[in-house]
Amino acid sequence: AQSVTQPDIHITVSEGASLELRCNYSYGATPYLFWYVQSPGQGLQLLLKYFSGDTLVQGIKGFEAEFKRSQSSFNLRKPSVHWSDAAEYFCAVGVPDSWGKLQFGAGTQVVVTP
Amino acid sequence: GAVVSQHPSRVICKSGTSVKIECRSLDFQATTMFWYRQFPKKSLMLMATSNEGSKATYEQGVEKDKFLINHASLTLSTLTVTSAHPEDSSFYICSAKGLAYEQYFGPGTRLTVT
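So the sequences go chain by chain: A and L.
The first sequence begins at 1 in the working numbering and counts up by one.
The second sequence begins at 1001 in the working numbering and counts up by one.
Please keep in mind that the hints were generated in silico from the structure rather than gathered at the bench.
In this text, a Cβ means the ideal position worked out from N, Cα and C, and glycines have one as well.
Each hint should be verified, as a subset may be incorrect.
[To be verified] If we take Cβ atoms under 8 Å as the criterion, some of the chain A residues that face chain L in the derived model are:
1. Q42
2. G94
3. A106
4. G107
[Unchecked claim] Below, simulated EDC-like cross-link-like pairs (lysine to aspartate or glutamate); rule was C-alpha separation at most 16 Å, straight line:
5. A:K68 to A:D54
6. L:K1042 to A:E88
7. L:K1064 to L:D1027
8. L:K1041 to A:D54
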C-alpha cells in the first residue's frame, strides 16, 4: 500500500531564512505528487504538483519542490520565508487511475519567527 | 480560476438533528468531488468519493447511512450528517478534482454538535 511520510511535525524558521520540508513516499511506481498549504481554519491551497518531466517544479508563493526517484522524496523549499508562510503544509500522493484519490502526509507546521 | 465554495462555514446543531453541507465548484465542472474530515492538528481523512450521477464510494470505516452524499450536478455535492452526535463535531472539507488530477479544496465547514 502506498504511504506518505512527513518526518517533521513542527519546524521553526526565522523570517528571511530558507525553508525545506521533507516528504517521502512509498509506492511501486512514480505517483502524482502534490504540496498543499493550509492556513488556520481554512481549506487547502495547492502550491505545486509533479506528474512527470522536469524533476524541479516551481509553484506559487516562491515555493519549489524537487522529485528524487532514488530517494522516493519530494521535498519542498523556499529560499527566503515570509511571516505569511506560517501555516500547515501537507504533502500528498495520488495514484494514477484511482479516481483522483489523494493520500496525505501528517503535515508539517511551520512557525516563522521575527 | 478553480474556486470551490462550501456552505455553511460554521454550523452548530443539537444532538439528533441532521445537517447539510454544500460544496460547489464555482468556475469549473467537477465530475468527481471528495469529502474529508479533519481533526484538530491532524491530517485530512478521506471519507468518500462523490461522482456526479452515481452513488458515492465510501472509505472503510465511514458509515454511509450517517454521512449521506449526493452529487446531483457537475458543480454541486452535498454531505448530510444524519442524527448528529457530539463525536461528529469536526472540520469537514470538500474538494473538486480538476482536469489534470489535482484537487481544489473548499474553505471547510466547522460542525459543532451540542
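Using Cβ atoms only, decide whether Q42 of chain A comes closer than 8 Å to chain L, and label the hint accordingly. OK, holds: Q42 of chain A within 8 Å of chain L, min 6 Å.
Could you grab the alpha-carbon distance between K1042 of chain L and E88 of chain A and see if it respects the 16 Å cut-off? Holds, because 10 Å separates the two Cα atoms, which is no more than 16 Å.
Given the hinted pair K68 of chain A and D54 of chain A, is their Cα-Cα distance within 16 Å? OK: K68 of chain A and D54 of chain A at ~11 Å, within 16 Å.
Per the CB criterion, is A106 of chain A less than 8 Å away from chain L? holds, 5 Å
Hint validity - G107 of chain A Cβ closer than 8 Å to any chain L Cβ: holds, 5 Å
Has the given pair, K1064 of chain L with D1027 of chain L, been kept, meaning a C-alpha gap of at most 16 Å? Distance ~29 Å between K1064 of chain L and D1027 of chain L Cα, so the pair is violated.
Hint status (Cβ of G94 of chain A to nearest Cβ of chain L, threshold 8 Å): holds, 6 Å
Restraint check for K1041 of chain L with D54 of chain A, where alpha carbons must lie at most 16 Å apart: violated, 33 Å
Hints 7 and 8 from the earlier list are contradicted by this structure; the remaining hints agree with it.
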